Amino acid sequence: MSLTNEHIKNRLVEKFGEALTNFEESHGMMSFHAPKEINLKVLQFLYDEEDLQFRFMSDLCGVHYPDNAGAELAVVYHLHNMVQNVRLRFKVFTAVATPQIFTATQLFATANWQERETYDFYGIEFVGHPNLRRILNVDEMDYFPMRKEFPLEDQTRVDKDDEMFGRGGSVGI
Amino acid sequence: MSDQQHIQLPEGSIEKQTNTLNLGPTHPATHGVFQNILELDGERIVSATPTVGYIHRAFEKIAERRPYYQITPLTDRLNYCSAPINNIGWHLTVEKLLGIKTPKRVDYLRVILMELARITDHLICNSVIGVDSGAFTGFLYVMQYRELVYEIYEEVCGSRLTTNIGRFGGFERNFNETAFRKIQKFLDEYPAVLKEFENLFTRNRIFMERTQGVGAISAERALNYGFTGPNLRATGVDYDVRVATPYSSYEDFEFSIPVGTTGDTYDRFLVRNAEQWQSLSIIKQAMDKLKDLPSDVYHADVPAYYLPDKEDVYTKMEALIYHFKIVMGETDILPGELYNAVEGANGELGFYLISDGGRSPYRLHFRRPCFIYYQAYPEMVKGAMLSDAIICMSSLNLIAGELDA
Numbered sequence: 001m002s003l004t005n006e007h008i009k010n011r012l013v014e015k016f017g018e019a020l021t022n023f024e025e026s027h028g029m030m031s032f033h034a035p036k037e038i039n040l041k042v043l044q045f046l047y048d049e050e051d052l053q054f055r056f057m058s059d060l061c062g063v064h065y066p067d068n069a070g071a072e073l074a075v076v077y078h079l080h081n082m083v084q085n086v087r088l089r090f091k092v093f094t095a096v097a098t099p100q101i102f103t104a105t106q107l108f109a110t111a112n113w114q115e116r117e118t119y120d121f122y123g124i125e126f127v128g129h130p131n132l133r134r135i136l137n138v139d140e141m142d143y144f145p146m147r148k149e150f151p152l153e154d155q156t157r158v159d160k161d162d163e164m165f166g167r168g169g170s171v172g173i
Numbered sequence: 174m175s176d177q178q179h180i181q182l183p184e185g186s187i188e189k190q191t192n193t194l195n196l197g198p199t200h201p202a203t204h205g206v207f208q209n210i211l212e213l214d215g216e217r218i219v220s221a222t223p224t225v226g227y228i229h230r231a232f233e234k235i236a237e238r239r240p241y242y243q244i245t246p247l248t249d250r251l252n253y254c255s256a257p258i259n260n261i262g263w264h265l266t267v268e269k270l271l272g273i274k275t276p277k278r279v280d281y282l283r284v285i286l287m288e289l290a291r292i293t294d295h296l297i298c299n300s301v302i303g304v305d306s307g308a309f310t311g312f313l314y315v316m317q318y319r320e321l322v323y324e325i326y327e328e329v330c331g332s333r334l335t336t337n338i339g340r341f342g343g344f345e346r347n348f349n350e351t352a353f354r355k356i357q358k359f360l361d362e363y364p365a366v367l368k369e370f371e372n373l374f375t376r377n378r379i380f381m382e383r384t385q386g387v388g389a390i391s392a393e394r395a396l397n398y399g400f401t402g403p404n405l406r407a408t409g410v411d412y413d414v415r416v417a418t419p420y421s422s423y424e425d426f427e428f429s430i431p432v433g434t435t436g437d438t439y440d441r442f443l444v445r446n447a448e449q450w451q452s453l454s455i456i457k458q459a460m461d462k463l464k465d466l467p468s469d470v471y472h473a474d475v476p477a478y479y480l481p482d483k484e485d486v487y488t489k490m491e492a493l494i495y496h497f498k499i500v501m502g503e504t505d506i507l508p509g510e511l512y513n514a515v516e517g518a519n520g521e522l523g524f525y526l527i528s529d530g531g532r533s534p535y536r537l538h539f540r541r542p543c544f545i546y547y548q549a550y551p552e553m554v555k556g557a558m559l560s561d562a563i564i565c566m567s568s569l570n571l572i573a574g575e576l577d578a
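Heads up: the protein sequence lines correspond to chains A and B, in order. Counting from 1, one number per residue, gives the positions in the first sequence under the working numbering. Counting from 174, one number per residue, gives the positions in the second sequence under the working numbering.
These are computed hints drawn from the structure, not numbers from a lab. Since this is a predicted model, take the numbers as computed values, not measurements. For glycine and all other residues, C-beta sits at the position ideal for the given N, C-alpha and C. Worth double-checking, as some hints may not be accurate.
Claimed, not checked - Label-pair distances were calculated between CB atoms; the ranges are: (1) B/Ala477 x A/His27: 53 to 63 Å; (2) B/Pro198 x A/Lys41: 37 to 47 Å; (3) A/Thr21 x B/Met316: 23 to 33 Å; (4) A/Gln100 x B/Tyr487: 51 to 61 Å; (5) B/Gly272 x A/Phe23: 42 to 52 Å; (6) A/Gln106 x B/Asp214: 24 to 34 Å; (7) B/Asp425 x A/Gln100: 42 to 52 Å.
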C-alpha cells in the first residue's frame with residue numbers, strides 16, 4: 001500500500017483538527033502550516049505513527065516574510081518517509097518580536113546545526129536547543145543577515161538604478 | 174594530611190588531566206579550513222568541538238539578488254570536487270519550477286557528466302584516505318585520471334574546476350567529437366586504474382587495520398543525523414536519490430546501489446570504490462543509448478529561457494528580444510515553491526526554492542550534505558586515537574566549500 005498525500009492529510013486533520021492550515025500540493029509534495037506551539041507534536045506524530053513514519057529530516061531552514069505582520073519569520077521543515085519514499089513540508093510561523101520556537105533536536109540530531117544556522121541568519125531562537133550559538137558567521141555579529149531588511153548593496157548608491165531591471169524599482173533588494 | 178597534598182596549582186597546569194589540541198583551521202591533514210578543538214587524554218579523544226564557517230560566502234543571500242542563470246556559478250563553489258552535479262542539480266530545480274521538459278539526449282549527456290563528476294569526487298576522497306593513512310602512491314597514481322575528466326569538462330564547457338556547465342534546458346553547445354573521444358578514452362583506461370587502486374588498498378593489511386572499526390556509526394544514528402550518500406550507504410541503508418526519485422532519466426539505466434554493513438571508514442571506502450564501478454557502467458550505457466538518438470539535439474526548445482544562437486540575435490528580431498530579456502534577467506519566472514534533490518557525490522544535495530515571480534529567488538536554501546553530516550563527527554571520533562580522527566574526517570568527504578556555503 002502506498003502512502004498518499006490525501007491519507008497523510010486525513011490523518012493529520014483527524015489528530016490536530018483545525019490547527020493545521022493551508023494544505024497545498026505543489027510539484028508532488030504536500031505542504032501545510034502549523035501553529036508554532038505544536039510544532040514538536042506534529043513532528044512526533046508524523047514520526048511515531050505506523051502508517052506515516054516520517055523519520056528522516058531532510059532539511060530545516062528559515063524564511064523571512066517582512067510583510068506578513070505578526071508572523072514574519074518561518075521555519076520550514078522537510079520530512080521524508082524513506083520506506084514509502086514520500087516527502088512533505090510544513091512551515092511554522094512566528095512574530096519577529098518573539099522569535100521563539102521549540103527545538104527539534106530531541107527528535108532529530110540533524111536539527112542541531114540546521115537550527116543553529118537558522119538562528120545565525122534569521123535570529124529564530126530555538127527553545128531548548130543544547131548549544132544555540134552562531135555557526136557560519138562570527139560570534140560578534142549583532143544582526144541577522146538573511147532578513148530582508150539587509151540589502152546586498154549599499155542603499156545610498158546612486159550610480160546604479162535598478163528601476164528597469166530590479167525588484168520594485170528600488171536600489172538594492 | 175600534610176600540606177603537601179594541598180598544593181594550590183595554578184589553573185590549567187597538571188591538575189588538568191586532558192590536553193587541548195587545535196586541529197586546524199589550516200592543518201594540512203584537514204583538507205580545507207576546518208577547526209577542531211580536541212580534548213585529548215594521552216592520544217585518545219575525549220571530545221571534539223568543530224568550528225565551521227571559515228569560508229562562508231553568503232551564497233544564499235547573494236542568490237536573492239541575482240537572476241536565476243547567474244546562480245549557477247554559485248553552485249559551482251559548493252562542492253567544487255564535483256561541480257557539474259551542483260550545476261545540473263540547480264538547472265533541474267529551475268526546470269522543474271518552470272515545467273521545462275528536456276529531450277532524452279540532454280538527459281543522457283547530463284548523466285554522463287554527473288557520473289564523471291561522481292567518479293572524480295570519489296577518487297579524490299578515497300585516495301586521500303590513503304594519503305592520511307600513509308599511502309601516498311594511490312593518490313599520485315589516480316590524480317592524472319582526474320585530469321582526463323577535467324579535460325572532458327574543458328571540451329564541453331571550457332572550464333575545469335568551477336564548470337558552470339549547461340544552461341536551463343540543456344547545454345550551451347553540443348558535445349563535439351573530441352569530447353566523446355575523451356569520454357571513450359577515459360572509459361577504456363580508467364577501469365584498469367581503478368582495479369590497480371583497489372589492489373593497492375582493499376586487501377592491504379595495514380590499510381585494513383587502520384580503517385576497520387574507525388569512525389563507525391550505526392544506521393539508526395546515521396539516519397537521525399541526516400546522513401545521505403555514500404556515508405549513509407556504508408551503514409547499510411540503500412537510499413540513493415537516483416533510484417528513489419529518479420531525475421534526468423536515471424530510471425533508464427541499470428545499476429545497483431552498493432551498501433556496507435558497519436558504517437566505518439573501511440566501509441565508506443569500499444562503498445565509494447564500488448560506486449565508481451557503477452558510475453562507469455552508467456556512462457557506458459549512456460554512450461550506447463546516445464547512438465540511437467539524433468546527434469544535433471542538445472537543449473530543450475524553450476526560447477524564453479535558453480539563449481538563442483548568436484547569429485540569430487544579429488538577424489532576427491525575436492531572437493534579439495529573447496537574448497536581451499534573458500541576459501538582463503527579465504524572463505518570466507513562475508511563482509512557486511519546491512524542494513528538489515539530486516544525488517550529489519557526498520549525499521542528497523537539495524535545493525529549496527521559493528519564487529515570488531521576481532527576477533531572483535525570494536529564498537533559496539541549499540541542503541548541503543556535508544554540513545549536515547559533519548555534526549556527527551564528535552560522536553564518531555569520541556574515544557578514538559588522534560590519527561583515527563584524521564582518517565575518519567577524510568573518509569567523510571568533507572568539502573569546505575559545501576560545508577560553509
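Structure-based check of each hint:
1. Take B/Ala477 and A/His27: their Cβ atoms lie about 20 Å apart, and the range 53 to 63 Å is violated.
2. Distance hint for B/Pro198 and A/Lys41: a CB-CB separation of about 41 Å, consistent with the stated range 37 to 47 Å.
3. Here the CB-CB span from A/Thr21 to B/Met316 is close to 55 Å, at odds with the stated 23 to 33 Å.
4. The beta-carbon spacing between A/Gln100 and B/Tyr487, approximately 59 Å, falls within the hinted interval of 51 to 61 Å.
5. Checked against the given bound of 42 to 52 Å, the beta carbons of B/Gly272 and A/Phe23, roughly 22 Å apart, lie outside it.
6. With their beta carbons about 29 Å apart, A/Gln106 and B/Asp214 fall inside the hinted range of 24 to 34 Å.
7. For the hinted restraint 42 to 52 Å between B/Asp425 and A/Gln100, the CB-CB distance of approximately 49 Å keeps it satisfied.
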